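Trainee: The chain contents come next:
There are 2 protein chains.
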Amino acid sequence: MIAEKMKDFVNNNSAIRAMFEEGKKLASIYGRENVFDFSLGNPNVAAPIKVNEAIKEILDEEDSVFVHGYMSNSGYEDVRAAIAKSLNKRFDTYFSENNIIMTVGAAGGLNVILKTLLNPGDEVAVFAPYFLEYRAYISNYDGVIVEVAPDTETFMPNLADFETKITSKTKAVIINNPNNPTGVVYKEDTIKEIAAIMEKKQQEFGTEIYLVSDEPYRELAYDGVEVPYLTKYYKNTIVGYSYSKSLSLPGERIGYIVVPSEMTDYENVFSAAAIANRILGFVNAPSLMQRAVAKVLDEKTDVNYYDRNRTTLYENLKKFGFECIKPEGAFYLFMKTPMEDEKEFCEMAKKYNILVVPGSSFACRGYVRIAYCVSYETILNSLSAFEKLSAECFKA
Amino acid sequence: MIAEKMKDFVNNNSAIRAMFEEGKKLASIYGRENVFDFSLGNPNVAAPIKVNEAIKEILDEEDSVFVHGYMSNSGYEDVRAAIAKSLNKRFDTYFSENNIIMTVGAAGGLNVILKTLLNPGDEVAVFAPYFLEYRAYISNYDGVIVEVAPDTETFMPNLADFETKITSKTKAVIINNPNNPTGVVYKEDTIKEIAAIMEKKQQEFGTEIYLVSDEPYRELAYDGVEVPYLTKYYKNTIVGYSYSKSLSLPGERIGYIVVPSEMTDYENVFSAAAIANRILGFVNAPSLMQRAVAKVLDEKTDVNYYDRNRTTLYENLKKFGFECIKPEGAFYLFMKTPMEDEKEFCEMAKKYNILVVPGSSFACRGYVRIAYCVSYETILNSLSAFEKLSAECFKA
Chain A
1 MIAEKMKDFV
11 NNNSAIRAMF
21 EEGKKLASIY
31 GRENVFDFSL
41 GNPNVAAPIK
51 VNEAIKEILD
61 EEDSVFVHGY
71 MSNSGYEDVR
81 AAIAKSLNKR
91 FDTYFSENNI
101 IMTVGAAGGL
111 NVILKTLLNP
121 GDEVAVFAPY
131 FLEYRAYISN
141 YDGVIVEVAP
151 DTETFMPNLA
161 DFETKITSKT
171 KAVIINNPNN
181 PTGVVYKEDT
191 IKEIAAIMEK
201 KQQEFGTEIY
211 LVSDEPYREL
221 AYDGVEVPYL
231 TKYYKNTIVG
241 YSYSKSLSLP
251 GERIGYIVVP
261 SEMTDYENVF
271 SAAAIANRIL
281 GFVNAPSLMQ
291 RAVAKVLDEK
301 TDVNYYDRNR
311 TTLYENLKKF
321 GFECIKPEGA
331 FYLFMKTPME
341 DEKEFCEMAK
351 KYNILVVPGS
361 SFACRGYVRI
371 AYCVSYETIL
381 NSLSAFEKLS
391 AECFKA
Chain B
1 MIAEKMKDFV
11 NNNSAIRAMF
21 EEGKKLASIY
31 GRENVFDFSL
41 GNPNVAAPIK
51 VNEAIKEILD
61 EEDSVFVHGY
71 MSNSGYEDVR
81 AAIAKSLNKR
91 FDTYFSENNI
101 IMTVGAAGGL
111 NVILKTLLNP
121 GDEVAVFAPY
131 FLEYRAYISN
141 YDGVIVEVAP
151 DTETFMPNLA
161 DFETKITSKT
171 KAVIINNPNN
181 PTGVVYKEDT
191 IKEIAAIMEK
201 KQQEFGTEIY
211 LVSDEPYREL
221 AYDGVEVPYL
231 TKYYKNTIVG
241 YSYSKSLSLP
251 GERIGYIVVP
261 SEMTDYENVF
271 SAAAIANRIL
281 GFVNAPSLMQ
291 RAVAKVLDEK
301 TDVNYYDRNR
311 TTLYENLKKF
321 GFECIKPEGA
331 FYLFMKTPME
341 DEKEFCEMAK
351 KYNILVVPGS
361 SFACRGYVRI
371 AYCVSYETIL
381 NSLSAFEKLS
391 AECFKA
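Keeping their order, the protein sequence lines are chains A and B. The first sequence begins at 1 in our numbering and counts up one residue at a time. The second sequence begins at 1 in our numbering and counts up one residue at a time.
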């Protein structure tokens with residue numbers, strides 16, 4: 001009796017989430033320390049101590065009715081102003097509270113953006129491999145997802161294919177930088193090329209094409225690489241941000257979107273997004289957590305922690321004969337599987353209690369995603385399992 | 001450039017929310033104590049002290065990665081089990097964690113339910129007057145809202161009209177008990193009659209018709225009236241609950257839905273609802289707040305506080321010559337306006353710094369909703385303003 005649209009989802013539940021449940025099951029059988037669960041982007045690094053301190057301070061010092069109460073659907077004004085100021089300082093932008101809407105994480109923010117923009121049949125371009133939930137989010141508003149083919153040499157955007165995929169029906173392009181699942185970071189040159197193509201296509205078709213920048217991994221970049229701030233390169237940009245990874249608060253569902261004043265139809269887009277936040281049932285981002293993040297805007301997660309995992313895992317996988325691009329951001333490693341059918345590889349890995357997500361879950365077969373946001377101990381303990389897995393693979 | 005569906009919303013933003021913004025503006029001009037803002041259901045009673053204590057305890061005693069991390073999309077198992085147990089104790093039901101999905105408030109829960117059930121064109125019956133957001137929620141999934149005409153004598157469900165409005169396309173019926181905006185409570189007899197009509201129609205059409213019970217006001221009932229627990233009367237019932245009003249946590253966005261095992265297609269409905277929670281962008285209900293409510297399940301808001309407001313306001317409005325049903329639940333009073341056009345009345349009330357919401361915002365013209373979840377002082381101070389308003393109305 002469920003909706004037709006939901007039937008496929010039920011029959012074919014998110015492989016990532018299914019694996020999360022499987023990881024819990026295996027851990028209960030073999031013990032958590034003997035299961036190498038690289039399936040979910042659930043940070044193993046605790047939130048900075050100041051986050052919990054900020055929450056307690058707010059509870060002690062601010063009025064409870066205010067802290068737990070309704071505010072404007074777009075969020076507390078002072079919180080939005082503080083975030084705008086922090087962005088301006090970091091990225092040399094000119095935002096105010098009138099450019100920020102607090103959201104239920106980046107997933108909530110993306111849904112708000114797509115609800116705001118999409119008419120049925122509108123096309124949304126995404127670069128494969130991509131976070132497969134985009135497919136569901138776009139489908140929620142009867143949009144049509146258009147996949148740009150991957151460049152499996154570099155996993156940088158395939159710009160030649162991108163250009164052919166933009167049509168008069170393209171309403172939005174989603175960029176995820178640093179990237180899930182590949183861990184690559186698109187540099188300024190790439191961003192400029194994407195912006196140039198989009199400008200050209202806007203003129204060619206006489207349309208507005210919005211660039212949606214999904215940035216939950218913004219703060220996770222290694223080796224000093226810069227992650228460009230997209231509103232500076234293309235004026236029809238909307239940014240979706242989350243504190244899930246940057247402050248290790250994925251369960252709290254707190255993030256924001258940025259709607260720059262210079263975008264076409266800014267006032268309607270901003271108003272519609274605030275209303276979408278309400279009518280989709282979010283109403284507003286969780287209130288206490290809004291106030292908490294505003295107090296710790298200068299806090300950062302321990303990037304060195306992830307960096308050590310990244311380096312150790314990458315170097316050992318290479319040593320064991322696996323092929324992958326060295327990630328520069330996020331906490332994912334996208335590894336080529338020795339056999340063509342990556343699902344076969346995933347099954348084989350499970351025998352060694354290694355859980356990884358098949359590339360088909362990101363529209364890119366022949367690869368697996370390894371989420372290395374686990375404890376360093378898990379990384380170290382997993383190495384002999386990966387070595388055995390490699391032996392079995394390459395023997396075959 | 002925004003979506004067609006959003007244009008009407010932007011042009012015709014929620015009257016309730018618009019008034020919330022107006023209330024803030026008036027307060028900044030005249031001072032908060034001189035503005036009688038009865039527009040929004042934002043509790044003025046602070047959350048029970050134990051809520052903040054529970055939050056601090058969790059932060060001190062539980063692992064931060066666990067408290068702020070992802071869990072199953074349906075919520076922490078122990079939280080769901082605790083809620084099921086509490087419901088069973090109170091209502092003599094037989095729920096387990098497999099019947100509970102934690103949601104981003106009741107608004108999030110309703111969206112999850114409608115996403116789970118509705119195909120485009122499916123009809124959803126609602127009893128006028130009703131919370132106008134239902135219209136948006138149903139439209140989100142391309143459902144068709146079907147209004148049951150109000151019984152303005154009693155504001156109990158108009159069952160004769162209800163029976164004619166159920167068709168072969170009816171997929172769901174939404175009940176809001178205690179009721180927003182009227183404050184009435186549907187008693188057991190009424191619920192039995194509604195259930196009987198729905199059973200009959202299910203048989204007649206060979207369909208399943210789901211009863212969606214929207215219950216954010218469950219704990220707010222006065223004079224000892226009982227609010228029936230609907231799963232006991234009709235097996236295809238889904239309950240949506242929120243702690244917004246019962247624990248004064250509206251900004252925190254925390255609630256749950258109940259999907260009883262005995263419902264038709266239970267397993268698919270439960271799975272689809274957990275997935276809908278994820279793909280709509282909620283992902284999961286805010287984690288810390290999930291754990292907090294589970295620790296204070298026996299806490300209650302101060303019903304006597306609202307009761308005093310209710311009695312004082314009701315008695316004085318009657319004394320001033322206004323007409324309304326004495327509310328038995330929630331914190332709303334639905335008052336007949338002396339003139340037919342209730343928007344004219346709202347404008348007139350604004351001259352006395354009284355903000356109330358027109359009945360047309362609830363599909364019931366000729367009435368206004370007065371949200372008395374304000375401070376008792378505001379009630380007392382507003383009385384002379386209401387008296388002057390009455391004098392102007394009845395003179396005219």
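Since the hints were made in silico from the structure, they are not lab data. Errors might be hidden in some of the hints.
Intra- or inter-copy, both count: the list cannot distinguish identical chains.
[Unchecked claim] Here are the simulated DSSO-like pairs of lysine-lysine, each with C-alpha atoms no more than 27 Å apart in a straight line:
#1 169 <-> 350
#2 85 <-> 300
#3 7 <-> 235
#4 56 <-> 300
#5 24 <-> 350
#6 165 <-> 388
#7 24 <-> 85
#8 351 <-> 192
#9 200 <-> 187
#10 25 <-> 85
#11 7 <-> 201
#12 295 <-> 24
#13 295 <-> 56
#14 295 <-> 50
#15 201 <-> 351
#16 319 <-> 395
#17 343 <-> 169
#18 318 <-> 187
#19 89 <-> 351
#20 165 <-> 56
Since the model is a prediction, treat every value here as computed from it, not as a measurement.
Trainee: With identical chains, the pair residue 351 and residue 192 could be close in the same copy or across copies; at 27 Å between alpha carbons, which is it: within, between, both, or neither?
Mentor: neither (45 Å within a copy, 55 Å between copies)
Trainee: I want to check one pair: residue 295 and residue 50. Are their C-alpha atoms no more than 27 Å apart within a copy, between two copies, both, or neither?
Mentor: both (9 Å within a copy, 24 Å between copies)
Trainee: One pair to classify: residue 169 and residue 350, alpha carbons no more than 27 Å apart. Within, between, both, or neither?
Mentor: Neither: 43 Å inside a copy, 46 Å across copies.
Trainee: If the cutoff is 27 Å on CA atoms, where do residue 24 and residue 85 land: within, between, both or neither? Let me know, please.
Mentor: between (41 Å within a copy, 24 Å between copies)
Trainee: Indicate which option fits the pair residue 85, residue 300 if close means a Cα-Cα distance not exceeding 27 Å: within, between, both or neither.
Mentor: Answer is within: at 17 Å inside a copy they meet the 27 Å cutoff, but 40 Å across does not.
Trainee: At most 27 Å between CA atoms: does that hold for residue 7 and residue 201 within a copy, between copies, both, or neither?
Mentor: Between copies, since 25 Å is at most 27 Å while 37 Å is not.
Trainee: How would you classify residue 165 and residue 56 at a CA-CA limit of 27 Å: within, between, both, or neither?
Mentor: neither (50 Å within a copy, 51 Å between copies)
Trainee: For residue 318 and residue 187, with the copy left unspecified, which applies at a CA distance of at most 27 Å: within, between, both, or neither?
Mentor: Classified as within; 25 Å inside a copy, 69 Å across copies.
Trainee: Can you give me the call for residue 295 and residue 56, within, between, both or neither, at a CA distance of at most 27 Å?
Mentor: both (11 Å within a copy, 17 Å between copies)
Trainee: Regarding residue 165 and residue 388, is the shortest C-alpha distance of 27 Å or less found within a copy, between copies, in both, or in neither?
Mentor: This pair counts as neither: shortest intra-copy Cα distance 42 Å, inter-copy 66 Å.
Trainee: Checking an output row: residue 89 and residue 351, CA cutoff 27 Å. Within, between, both or neither?
Mentor: neither (50 Å within a copy, 44 Å between copies)
Trainee: Should residue 295 paired with residue 24 be assigned to within, between, both, or neither, using CA atoms and 27 Å as the limit?
Mentor: between (34 Å within a copy, 24 Å between copies)
Against the hints set out earlier in the document, violations occur for numbers 1, 6, 8, 15, 17, 19 and 20.
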